Amino acid sequence: MSKRGTPPSAIEVGLGLRAKYVNYVIENRPDVGWFELLADNWLVDGGLLRAQLLKVAECYPVALHGVNLSLGGAGPIDLTYLGKVQELMVSSGATWYSEHIAVTGLDGVEFHDLLPLPMTEESIKHVGDRISAVQDFLGQQILVENVSSYIQLSESYLSEGEFLAELSKYADCLLLIDANNLYVNEINHGSSALAEIKKIPPKRVAEIHLAGSPTGGGGIAIDTHSERVNDTVWRLYQAMLSAWGPRPTLIEWDNDIPSWDTLYSEYSKAKHYLDKSNSNSGD
Amino acid sequence: MPLENIHHSYLSLIKNGSSQELRAVANDTAAGTLTEAISIYTNNTKERLVATLEAAFPVCKQVVGNDCFRAMAEEYALRHPSDDKSLYHYGARFSQFTDLIIKTNDEFYNVAYLPDLALFEWKMHLSFFQKDRKAFDFGRFANLEKSQLSKIVFTLSPDIYLLETEFPAAIIWELHEINEPFKKAIIEKGKGYYLIERPLYKPTFTHLKQHEFDALTKIEEGFTFENLLLSFSDFESLVTEFLKNGWVNGFKNGSETR
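In order, the protein sequence lines correspond to chains A and B. Residues 1 to 283 (my numbering) are what the first sequence spells out, left to right. Residues 1 to 258 (my numbering) are what the second sequence spells out, left to right.
Heads up, some of the hints might be wrong.
To be verified - Capping the alpha-carbon separation at 20 Å, the derived lysine to aspartate or glutamate pairs in EDC-like fashion look like this:
hint, chain 1, residue 1, chain 2, residue 2
1, B, Lys-46, A, Glu-162
2, B, Lys-46, A, Asp-254
3, B, Lys-131, A, Asp-261
4, A, Lys-20, A, Glu-227
5, B, Lys-252, B, Glu-145
6, B, Lys-146, B, Asp-132
7, B, Lys-61, B, Asp-234
8, A, Lys-84, B, Asp-84
9, A, Lys-276, A, Asp-231
10, B, Lys-46, B, Asp-67
11, B, Lys-46, A, Asp-256
12, B, Lys-252, B, Glu-221
13, A, Lys-203, A, Asp-45
14, B, Lys-202, A, Asp-45
15, A, Lys-55, B, Glu-54
16, B, Lys-202, B, Glu-177
17, A, Lys-20, A, Asp-231
18, B, Lys-134, A, Asp-45
19, B, Lys-244, B, Glu-166
20, A, Lys-198, A, Glu-162
21, B, Lys-103, B, Asp-84
22, A, Lys-203, A, Glu-155
23, A, Lys-84, B, Glu-74
24, B, Lys-131, A, Asp-45
25, A, Lys-84, B, Glu-236
26, B, Lys-252, B, Asp-67
27, B, Lys-103, B, Glu-145
28, B, Lys-191, B, Asp-214
29, B, Lys-131, B, Glu-145
30, B, Lys-15, A, Asp-136
31, B, Lys-209, B, Glu-177
32, B, Lys-209, B, Glu-174
33, B, Lys-209, B, Asp-137
34, B, Lys-151, B, Glu-75
35, A, Lys-125, B, Glu-166
36, B, Lys-134, B, Glu-145
37, A, Lys-20, B, Glu-54
38, B, Lys-46, B, Glu-107
39, B, Lys-15, B, Glu-74
Please keep in mind that the hints were generated in silico from the structure rather than gathered at the bench. All figures in this text were calculated on a predicted structure; none of them were measured in a lab.
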């Protein structure tokens, strides 16, 4: 399998660019390390979105993040869709492309949600082969992200950290670890996020996601990306930086989208921790 | 194969709303019951589809009201699971769906124009994402031999959609744009011929005369220049106008198409 691509190297904080902020960003050029674009929102042939995409990509490093490839699905990988993603990578100059370790569609039906896989050897081989097919098509490594889950699949016997370590080794891919998803899974499945972090090989981790979800209500935790990052997740983030060293980090906020200033305060907080980690690693 | 069973269970859940298979392969979590968890997934999918329809059909939503539109959107989502990775393409059959709704529900008697309005909004929505226009190649056109000229087929700009409606859909849409209380307006039947376009970034529309609409339709269908001249006595002046407006933006050899 060819691996011609360059893994992510800019160790800076980025922001998920949502529609509400696009004009502000283009007009004001705020000081942000990089932007992550939800690939599926920008897969258009022309018009305003295309023009905005090119403008943002002209001013900032960008990465693409997908939600619909269905790495955990059945049937062949949708190469028509992947070809469009590839074209978007070229036109935006995206440094890397990440996707979720999830089932997002089957048999022609698109779920528009991320359904989990059982953490088994069978899943590792199944998803790993599909990741390899994607990497072969794109000619570079991709990043794959752990997802939140709300059900306990009875076949699972590996822990989340073990699964991610084995999968990244099998597919020779990189990992995007979402701290909030580890936190949500800790609540929902009684795992220990801190323990899982230690099982993930640092050399595979290429990016960290941070997001906020409601806390303290009891019951199932839901990954809403609708609030500030909570204190537990900030502590997890610091543990990740200690365990793996500094990594490109992204703030995601997808629902109840706040003012730019609120989002930027989250950015600044992440930057504070990442700068500290960068300076420690340089000592 | 356990993984195959899980795939099947997910498909049953999202496509048919049946959780029976998933219950055989999943358990309660430490934080909640399987029933609660399943409803999170089904709700996530439903809410995304409903929000997508709300964004694509804002005037239809205003016409019938939020609650009614939501009920319609939920029903549509149930009947038409998404079959495209891009949510920008979700809603293509909403106009036909509204047609069925008004024909089978008496309380919709005063919004018989809803299918036309939905179609109008859908075309505006599609136009927004289409390829950008390229300039007509007048130099190449001028160099065509007379024998080649008669065989060429004009092409419409990629952002253009032609629409024939039974009700004046654009009037309702325009009233929305200027925020008039159009719910009280009396909308009577009356043919509408429209061209929807997006010259730069914002979709807009033009009222067409019927013969303009017919000529553009025949261009879209791939009629040759020769056939168009035979069909429309004023085609030369029509096509001059279409070129000036950027509606016709290219041509190809007719033998390439039909």
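Quick rundown of the hints versus the structure:
With a CA separation close to 33 Å, the supplied pair B:Lys-46 and A:Glu-162 exceeds the 20 Å bound. Pair hint B:Lys-46 plus A:Asp-254 holds up; C-alpha atoms about 17 Å apart against a cutoff of 20 Å. Proposed proximity of B:Lys-131 and A:Asp-261 is contradicted: the alpha carbons are some 34 Å apart, above 20 Å. As the CA atoms of A:Lys-20 and A:Glu-227 are separated by approximately 16 Å, the hinted pair is consistent with the 20 Å bound.
Between B:Lys-252 and B:Glu-145 the CA atoms are separated by roughly 13 Å; this keeps the pair inside 20 Å, and the hint holds. Annotation: proposed proximity of B:Lys-146 to B:Asp-132 is violated, straight-line Cα distance about 30 Å (limit 20 Å). About 41 Å separates the Cα atoms of B:Lys-61 and B:Asp-234, which puts this hinted pair outside 20 Å; it is violated. Distance restraint check for A:Lys-84 and B:Asp-84: the Cα-Cα separation of roughly 14 Å lies within the 20 Å cut-off, and the hinted pair is therefore satisfied.
Taken as a hint, the A:Lys-276 and A:Asp-231 pair is honoured in the structure, with Cα atoms around 18 Å apart against an allowance of 20 Å. For a cut-off of 20 Å, the pair hint linking B:Lys-46 to B:Asp-67 stands: about 15 Å separates their Cα positions. At roughly 18 Å between alpha-carbon atoms, B:Lys-46 and A:Asp-256 fall within 20 Å of each other, so this suggested pair holds. With a CA separation close to 13 Å, the supplied pair B:Lys-252 and B:Glu-221 stays within the 20 Å bound.
Proximity of A:Lys-203 to A:Asp-45 is assessed by CA-CA distance (about 37 Å); at most 20 Å being required, the pair is judged violated. With a C-alpha separation of about 15 Å, the suggested pairing of B:Lys-202 with A:Asp-45 holds against the 20 Å cut-off. For the hint pairing A:Lys-55 with B:Glu-54, the CA-to-CA distance comes to about 28 Å; that exceeds 20 Å, so the pair is violated. Between B:Lys-202 and B:Glu-177 the alpha-carbon distance is near 13 Å, which keeps this suggested pair within the 20 Å criterion.
Restraint check: the Cα-Cα separation between A:Lys-20 and A:Asp-231 comes to about 26 Å, which exceeds 20 Å; the hinted pair is violated. With a CA separation close to 13 Å, the supplied pair B:Lys-134 and A:Asp-45 stays within the 20 Å bound. For the given pair, B:Lys-244 sits about 29 Å from B:Glu-166 by alpha-carbon distance, which is inconsistent with the 20 Å threshold. A hinted pair counts as satisfied when its Cα atoms are at most 20 Å apart, and A:Lys-198 with A:Glu-162 qualifies at roughly 10 Å.
As the CA atoms of B:Lys-103 and B:Asp-84 are separated by approximately 28 Å, the hinted pair breaks the 20 Å bound. Taken as a hint, the A:Lys-203 and A:Glu-155 pair is broken in the structure, with Cα atoms around 29 Å apart against an allowance of 20 Å. The suggested pairing of A:Lys-84 with B:Glu-74 is violated, with an alpha-carbon distance near 30 Å, which exceeds 20 Å. A hinted pair counts as satisfied when its Cα atoms are at most 20 Å apart, and B:Lys-131 with A:Asp-45 qualifies at roughly 5 Å.
The hinted pair formed by A:Lys-84 and B:Glu-236 fails the criterion: a straight-line CA distance of about 39 Å is larger than 20 Å. Proposed proximity of B:Lys-252 and B:Asp-67 is contradicted: the alpha carbons are some 49 Å apart, above 20 Å. Note on B:Lys-103 and B:Glu-145: the hinted pairing is violated, with a Cα-Cα distance of about 54 Å set against a maximum of 20 Å. For the given pair, B:Lys-191 sits about 14 Å from B:Asp-214 by alpha-carbon distance, which is consistent with the 20 Å threshold.
Note on B:Lys-131 and B:Glu-145: the hinted pairing is violated, with a Cα-Cα distance of about 30 Å set against a maximum of 20 Å. A threshold of 20 Å between alpha carbons decides the hint, and for B:Lys-15 with A:Asp-136 the separation of about 31 Å lies outside it, so the pair is violated. Under the criterion of a C-alpha separation no larger than 20 Å, the hint pairing B:Lys-209 with B:Glu-177 is inconsistent with the structure, at around 23 Å. Taken as a hint, the B:Lys-209 and B:Glu-174 pair is honoured in the structure, with Cα atoms around 19 Å apart against an allowance of 20 Å.
Between the alpha carbons of B:Lys-209 and B:Asp-137 the distance comes to roughly 27 Å, so the proposed pair goes past 20 Å and is violated. The suggested pairing of B:Lys-151 with B:Glu-75 is violated, with an alpha-carbon distance near 48 Å, which exceeds 20 Å. With a C-alpha separation of about 56 Å, the suggested pairing of A:Lys-125 with B:Glu-166 is violated against the 20 Å cut-off. Taken as a hint, the B:Lys-134 and B:Glu-145 pair is broken in the structure, with Cα atoms around 23 Å apart against an allowance of 20 Å.
Between A:Lys-20 and B:Glu-54 the CA atoms are separated by roughly 17 Å; this keeps the pair inside 20 Å, and the hint holds. At most 20 Å may separate the alpha-carbon atoms for a hinted pair to count; B:Lys-46 and B:Glu-107 exceed this at roughly 25 Å. With a C-alpha separation of about 13 Å, the suggested pair B:Lys-15 and B:Glu-74 falls inside the 20 Å cut-off, and the hint holds.
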